[in-house]
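*Asks:* Protein sequence lines correspond, in order, to chains W and U.
Positions 0 to 158 (numbering that gives the first Met the number 0) are the ones given, in order, by the first sequence.
Positions 0 to 165 (numbering that gives the first Met the number 0) are the ones given, in order, by the second sequence.
Among the hints, erroneous ones may be present.
What the hints assert, rightly or not - Which residues of chain U face chain W? A partial, calculated answer using Cβ under 8 Å:
1. Y77
2. L78
3. F81
Treat the hints as calculated values from the structure; they're not laboratory data.
Ideal Cβ positions, reconstructed from N, Cα and C, are used throughout, including at glycine.
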Amino acid sequence: MSISTAKSPVAVHKEPKIVDGLNLVLADSYALMALTHLAHWNVEGSDFFPLHKIFQEQYENLFEAVDEIAERVRALDAYAIGGLGVLAKAAEMEEFKSPLPQKDYVAALIVAHEKVIDDAVRTRNEAGTAGDLQTQDLMIKRLQWHEKTLWMFKSYLKN
Amino acid sequence: MSLPDCTTPYPSDCTPSHCRWRCATEVIDELISQAGKVSADEVDHLLELRWKLRQYDDAEGTIKLFCDVRLRMEQRHYLAFFRMRRWLENHLLASVSICPEAKPQFVPVKLDHYCVEAIRRASLCFALRRGYVLLAPRLRFTFREVELRKGTFSGAPSRSLEPAEL
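Isolated chain W (complex conformation) (with noise of 0.2 Å):
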């Protein structure tokens, strides 16, 4: 193989269809955090403490999430998104109107948590179909977060 035609790992790695669906996990996951943030400070009732504790639990692993997400964007030698408005227009998720029902929060919350793991698969895939085992790793790695959650989440709901 002549040294143009040589393809770095970087290069081959660098799809723009596996950055785009990064960068769009990490609005997602961002989005996320900041939903669970709020439902950490609003929630009230009998459950107050359990949820309180988890939700917090859960927006600290998304701050961790978010910024090994962004990393991995910039290895592929891309650039993240950022900024607040940026970040909620691509997530495209809604805001609480605070309060709610604590019921109401579990159940807003898997629902947001599934608009991840939608976007997550896709990434998933993308990443695998192109060989990058790295970035199909990490978003393995976030599914099973998202999915564990989804399993709290619904079984909380269960009567």
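We have chain W; now place chain U onto it with these hints.
*Replies:* Here is chain U on its own, set in the frame of chain W:
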């Protein structure tokens, strides 16, 4: 919670990526398919609600039936009823006439109560807060008009509403 207009072409395309609240009929289908978790009586009510949603013309009757079914089943299927509630709120409007001759004003419908009359009162209060003078108020529920434009579903109301109105 403010919701975007549903731009989903058909219920079969109603995936979370298109409409995060999912179509109410799809949610009913999922409920009915859960063998052992829904009684025969509840299936009958759900099928009736599904029929009303498919017809999309009797908003009053739909809300009334939804309230009945919700009272019976919500505690066991909270998420399903949350999805249906949000979908309905996204597709219903309350048409308020401030007097018999006046052009109707449209206000959003919030399904925070379990009875159609309580929902009607809440909608009237919402109209009052907007400053509408209600001399002889008449309120009727209506579905947003559905227009098929190049295969897309538009959740447009019967007149153009400013975003601030909704």
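*Asks:* Quick check: which numbered hints come out false for this structure?
*Replies:* Hints that this structure does not satisfy do not exist here, as all of them hold.
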